[in-house]
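Chemist: Which chain is which? The protein sequence lines are R and V, in order. Numbered by the working numbering, the letters in the first sequence go through residues 2 to 283 in order. Numbered by the working numbering, the letters in the second sequence go through residues 351 to 815 in order.
Rather than coming from a laboratory, the hints here were simulated on the basis of the structure. Hints may be right or wrong, so weigh each one.
[Stated by the list, open to error] Calculated pairs, DMTMM-like style, for lysine to aspartate or glutamate (alpha carbon to alpha carbon, straight line, at most 25 Å):
| id | chain 1 | residue 1 | chain 2 | residue 2 |
| --- | --- | --- | --- | --- |
| 1 | R | Lys30 | R | Glu56 |
| 2 | R | Lys92 | V | Glu757 |
| 3 | R | Lys92 | V | Asp571 |
| 4 | R | Lys194 | V | Glu598 |
| 5 | R | Lys30 | V | Glu757 |
| 6 | R | Lys234 | V | Asp737 |
| 7 | V | Lys541 | R | Glu42 |
| 8 | V | Lys629 | R | Glu269 |
| 9 | V | Lys629 | R | Asp249 |
| 10 | R | Lys234 | V | Glu699 |
| 11 | R | Lys234 | V | Glu753 |
| 12 | R | Lys4 | V | Asp572 |
| 13 | R | Lys30 | V | Asp571 |
| 14 | R | Lys194 | V | Glu699 |
| 15 | V | Lys701 | R | Glu231 |
| 16 | V | Lys617 | R | Glu269 |
| 17 | R | Lys265 | V | Glu623 |
| 18 | V | Lys701 | R | Asp251 |
| 19 | R | Lys234 | V | Glu707 |
| 20 | R | Lys97 | V | Glu753 |
Just so we're clear, the structure is a prediction, and the values are computed from it rather than from any experiment.
Here are the chains, one letter per residue:
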Amino acid sequence: MVKILKKEVLTPQIKLMVIDAPRVARRAKAGQFIIIRMNEEGERIPLTIADFDPEQGTVTIIFQEVGKSTMQLGELEEGDLIADFVGPLGKEIEEKYFGHVVCVGGGVGIAPVYPKARALKMYGNRITSIIGARTADLLFWEDMMQSVSDTLYVTTDDGSYGEKGFVTAVLDRVIQKEKVDLVIAVGPLMMMKMVSLLTKKYNLPTLVSLNPIMVDGTGMCGCCRVTVGEQCKFTCVDGPVFDGHAVDYDELLARQRSYLEEEKRAVEAWQMKKAEEGAHHV
Amino acid sequence: MSENRLTGRPKMPQRSVQERIRDFNEVPVGLPEWAAVDEAKRCLQCKKPSCMKGCPVEIDIPGFIGLLAQGKFDAAIAKIKEKNSLPAICGRVCPQEEQCENLCVLGKKGQPIAVGYLERFLADYERDRGIELPKVPMSNGRKVAVIGSGPAGLTCAGDCAKMGYKVTIFEALHAAGGVLVYGIPEFRLPKAIVAQEVNYVKSLGVTLELSAVVGKTLVFDDLRDEGFEAFFIGSGAGLPYFMNLPGENLNGIYSANEFLTRSNLMKAYRFPEYDTPIKIGRRVAVIGGGNVAMDSARTALRLGAEEVCLVYRRTKKEMPARIEEIRRAEEEGINCIILTNPVRFIGNENKWITGIECIQMELGEPDESGRRRPIPVPGSEFVISADTVVVAIGQGPNPLLLETLPELKLNKRGYIEADEETGATSIPGVFAGGDIITGAATVISAMGAGKKSARAIDQYLRNGK
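With the rest of the complex left out, here is chain V:
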């Protein structure tokens, strides 16, 4: 293999466009061993590593990379797992370019270390060999309830279990993983990986109760009666926003949540082998510019749409999606219609969508988000024809659980008010983290919050505060 030497940061090998748009299998295939080792050797092993400051779960990045460079793969993955029990997921969906890699010293003059690719390499290496089950700690018998089995809940549950608590996760859906199973498509995060990470958390002694809707099937008082002493709410941002435009309830218009849930969680892409259907037109328009919009557009393409476009009101520069995802979407032939905003939805006599009337936008002064505010150009209305539309303009907090806890303090946008460091809420013993605090954010920040809350729960149960 000596001829295979890297000369700089490796490119992630990925399947060709022609091949990948015909199925739902993963697009990037992972670094080969030699490339991962070579890349690890490029790490400067800084004495005061700045990369670690960018990691929401505080992984010892130079530590694991150093072990990887020496070929000690088992030790390297163990190093990651000291802090992060879901490396196969983070190695795939973390926005490393904004976090650890963004702070890498090498990035100042050249290319930063591909921390994400290396994390993924090690996680996949471990998976191929069969994950070694952790030692289950002695139980201290005290019960902690975790609501929601997304990245925040899984992390909090895993960490509490490692400290000896008896943890039960209550999940409303029939599968564990939250947004990792209903939201992120198979081609970006294989569900077998999520299942494996969930099993890892279960192997720590965590009980998983599926189809248990806290707020409906059980209320908080039921949980207290069952002996739970501390609670972590990681119920996510699952309420889809619509645009409130005329015609939005026409047939063929989906929220991104519905579209992705049908395809990912319910496996509608395998209909009729699986019972849940999904409608896919010849021309699909996805409204939005975030990762969820990219996921929806690329899913539509794989479901057989002839043409897929993204409709976004600002320019590509302002799109919140990861650059890598925008690039892959474009490679696959998805057309970005920028500076365009829907005004109303147009339907036929059977109430099926046929098109979106849009207006052109131009960018004005920056708004509170720091991005330039889009302003409609008068008289510039035009119609984009589409027979399936996916509205991917964001999600809010699902009020279902919160309505049953009137004493829980919420902020103006309906999210739970919680201490940034601990996740402590206005109710003693109740902690919260992830999207239910921040609004739709990243998997890793949710995990970071779950981690901090686990520590705070331990403190609370030991000291009563």
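Next up, chain R with everything else stripped away, as it sits in the complex:
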């Protein structure tokens, strides 16, 4: 059991929670993730680590409410308990001096890109960050990203804030204007695919952080397998960070959609149960 110490509503669907998890906090590194299970009936879902504080013994997670489990998690408040919080899992990114690193965060992917930018900044890298969302309401952590970046660009698809358009347009401009040594992109699969296609043209080393469906998260089931280069990799133990140019995105897109039907059913069943329980209380 772990306790929620702090909760912040970043956007109507994106929430931040600071979790009391000293062991995880002590070992966490940029790029790693945790697995959470809400309660006895809960599924195990992976969430990237947005921040961690070894001294306070806390881990920060940021999640978007997309399915039953994340919606249910979003309803919890400070002081509430979560059954399981396992980690840190996966491999950390290589922390060293690369030179000029461009960090691209899309949507809820802004959260996991932050610790990577921070870690690389500490190694003296020049950090240019590009964060984007569909619309202004979905943007968060501009200040946090600013604090670890030398330059920060903000985009929205609809132009309601920052520059109108996609993060890739800004990235293209940055690459044409200055020398870039490494690109790190975290966000929706489609965004990571587009970033990788773009940087491939310039032959620019690119790292992406994948978010496939997982069960155990410790290399035991192979649910998160993905083709990287010619090889089958398990995201949970070999990743989640991979060479963006080698990932088979189309395969992963299809695998991410495996349970769409069931996810819908789970939400419906849960809402029905909540309505029934609500009726009893009246």
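Using the hints provided, position chain V relative to the given structure of chain R.
Modeler: Using the frame of chain R, we list chain V on its own:
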């Protein structure tokens, strides 16, 4: 009950096929008391019992059977528990036909004593009455860390605790039991039984830390800092093997580990009451011929598949599964497609599996395993249509923990190199046993290894070697 007399080895009563394939409840129901006593009376009580040589945990088999024959059930179960703290599990999943029963003198001319059925009878008798909690020994204060809560870890932890050590088990998953909870289905090993056996080990004073991944959440140095002096690694063979064939990442293809973990550990068979879903097609093909393949096939059937087949590259004779399990699978209507090996997986435009292209095999000369090697028959390719596929061709060692211990010696296949008698590894004070040494084997051999290592840990902590 005098009319109910046995004339030979009893048959295990089991639920009818029609009834059992609709739920996940246990299939064999256990011997009635009179049959267990009668069967126990058939034991010759050999002066030099050979059955015991077949038992990896050295149970006094004639001893407990003799007490059972006299109706002294409490004494009989106590006799088993001197050596085996998990009898309800062993009575169900041990391959007795290859171990104790295989060596029974009666088996030479007739039928061996049903040792497994009797063990199960006594364990269930005890469970029905409520298990008497053991006396917790005086703690000597010295700390032992056990990594993994499967049969090897549970046994080692229980035995170390009985010797007075302060034991903590670190388990990566959210439930204790290892393969007993994620791998073996409810219908073969009810999870309530596993929970009870785990509670028994806890009642000996063992601490259980769940969701603690050694190698990630904690590394060995953390454990040393926390005062642990000796270690037992029983992390199992949890890495699923795939076939590395084209199309293997199509949707609808599961490793057996994923398929069984979703169903057993995560209770996907009760979706949406439980959150974890599982996809089950109309036609399910399971690739493999071991117990895990049988478990997967029978699970698929219970999840509602219309047709389930096993695809195996040799013949039924070479299948590594227990005969009893193959028989039950076939009774339930599972079709064995033998001498057949997949070549590639075929999918539709949405990247969902639709079929497996296979090639026919024939048996050649025996290979290093002593089984005849399957050889493809050129030009014999054909397609098995399937909308769910489970790959159950075996598991390997999970490298997660091992990667963080570079000084730990491994063998060529990636398993830990350990002394057969003690489980001692290349690092002083670190012992290992179970599937992480041998590769996927049996519950009882893992328990035997846990037992031997517990003794070796005691030696090590007392003498420093």
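Chemist: Out of the numbered hints, which ones does the structure contradict?
Modeler: none
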